[in-house]
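In this text, residue positions in the sequence shown follow the working numbering: the first is 1, and each later residue adds one.
The hints are simulated quantities; they were obtained by calculation from the structure and are not laboratory data. Don't be surprised by glycine CBs; every beta carbon is placed ideally from N, CA and C. A couple of the hints might just be wrong.
DEER-style ranges, computed between Cβ atoms [to be verified]:
| # | residue 1 | residue 2 | range |
| --- | --- | --- | --- |
| 1 | P227 | A96 | 33 to 41 Å |
| 2 | A320 | H243 | 35 to 43 Å |
| 3 | H190 | N100 | 30 to 38 Å |
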Amino acid sequence: MALEEGEDRGDRRFTTAARDLLGGTRERLGSGGDGDAIMGYLFCLPNVAVFSLFLLGPVLYAFWISFQQWSILQNSGTWVGLSNYAEVLTPLPVTAEGLNLVVFTDPSANLFWWSLKTTLVYAIGTVPLQIYGGLAVALMLDTRVRFKKAYRAAYFMPVMLSGAASAVMWRWFLSADGVVNNLLPTFLEHNWAGNPSYALGGVMLMAIWGGIGSNMIFFLAGLQNIPQELYEAARIDGASAWHRFRHVTWPNLGNTNLFVIVMAVISAFQVFGIALVFSEGGPYYATTTTVLLIYQRAFEEGKMGVGAAMAFILFLIIFAFSYYQYRHHQSGEIEY
């Protein structure tokens, strides 16, 4: 009897410990007694598996390649450590002797720093106009205007065109005998696409033309989520149109602004297709952006390790900006 009672107590202790362990696991997973959270994790599992296999896996593989002198034909490489990163970054713009700004002004000194400067100029010239242009169009189309749907379709049309088609069209517009020169006086005519001083401006113009429409859609969605009661209360208090925008519209677009700014900057730093088709990085490296240079090094010259190193340096720059925006922006949604 004593032996059987001891076994029963042991079984009860084991059952209690197992129940406590299962309950603690459910709490950590956020699962109630009905198992809804576990079902949620199971539904997310295929997406996580596909992401890990087709996105995260290649990224980690490319990071490993960045430390090797890799041959894409032999699918093998030789470990070289940080040599690829040193080849990309040297000479540095800041040395013990002081600033070395020649790397930003002479592509023969260091083409990576030159391309990074070109990409930064492109981002500064396009992102603000894409964002504020999209906001202005969204504000206009959010009011009662005739043919609103037609205007929305017209502004969104460039987004539906492929980058290659847009680049070919704009190259024809800006060529020496193109549409733009035919509309200008003779003394203002230029070969806009073939002149190093104007080629990057042509790519920027193309990006602004396409970016306004995409940002317009995001801002329209944000504007339609703002409660109309706030505008009615502002009108009753005598607020002007500017004050309604300043104190009602703009604060309530905080989450939309964060998303649009981050996505616009990421898109600007990853510009590739339009620069490749428009002028293939020329003339004289005028439109050689960082991603285009990565493509040229990796696939045209066969330097996969150097291209992978450039890609991860660019990733760190984009990640630092995105993290800064996330930390310093009021990203919490407003609830009513």
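Okay, the hints, checked on the actual structure:
1. P227 to A96: 33 to 41 Å: Distance hint for P227, A96 is violated at roughly 59 Å.
2. A320 to H243: 35 to 43 Å: Holds, since A320 and H243 (Cβ atoms, about 36 Å apart) stay within the stated range.
3. H190 to N100: 30 to 38 Å: 33 Å, holds
The structure is inconsistent with hint 1 alone, although it conforms to all the rest.
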